[in-house]
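Enquirer: Sequence:
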Amino acid sequence: MFQMLPSMTLGRRLSVWWSCIWRQTLASVPVWILGVAIVGLTIWQTLPVAGQPPSGKAMALALVIFVVCFAICLPITGYTVRMGFAAHALPAPGRLSFGQALMIGLTTAGWATLAALPISAVTMPLRHGGHPLAGQAIGLVLNIAAGMYVVLPRQARRLRLQAGESA
1 MFQMLPSMTL GRRLSVWWSC IWRQTLASVP VWILGVAIVG LTIWQTLPVA
51 GQPPSGKAMA LALVIFVVCF AICLPITGYT VRMGFAAHAL PAPGRLSFGQ
101 ALMIGLTTAG WATLAALPIS AVTMPLRHGG HPLAGQAIGL VLNIAAGMYV
151 VLPRQARRLR LQAGESA
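Terminal number for the sequence shown in the working numbering: 167, no gaps in between.
Restraint ranges, calculated between C-beta atoms of paired labels, are given here:
1. 87 x 31: 21 to 27 Å
2. 164 x 36: 38 to 44 Å
3. 31 x 114: 22 to 28 Å
4. 87 x 109: 17 to 23 Å
5. 66 x 121: 20 to 26 Å
6. 130 x 98: 44 to 50 Å
Simulated from the structure, these hints should not be mistaken for laboratory data.
Backbone N, C-alpha and C define an ideal beta-carbon position, used for all residues, glycine too.
Working from the sequences, and respecting the hints, build out all of it.
Expert: Dropping the structure here:
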């Protein structure tokens, strides 16, 4: 369940994880910046008077923009994960179709969410109990570990299957 094929040391796993995460971040940040800019400009243009809370329409727009940005980032994540694995000479298809990239993105997002929920629940007492920095630091370390030992093996399995190798 947590094994990587081929077997990897902690340092190699961390290197592959970092190779994937910086590519995902670099590729998806412009999408999120554009989404925030669209929502911000819309709210700014419709609420010229300071102190007024955003309207229901502005909040609905923010929700729609969030869903659209998330949907756009899913295949981007798939492509960047494949590039990260290919950079480390791990099994990955030479090229990805849109559907394959979307499946890798869904695998990444789904398993990352499932791993992050219990971590957030465990660190919540620290974060809200007067030790926010300690809670955030512990959460960061646990999320990196979850990325390396929960998400990365699932990504590797999905890429191996897409490359035509056995799981």
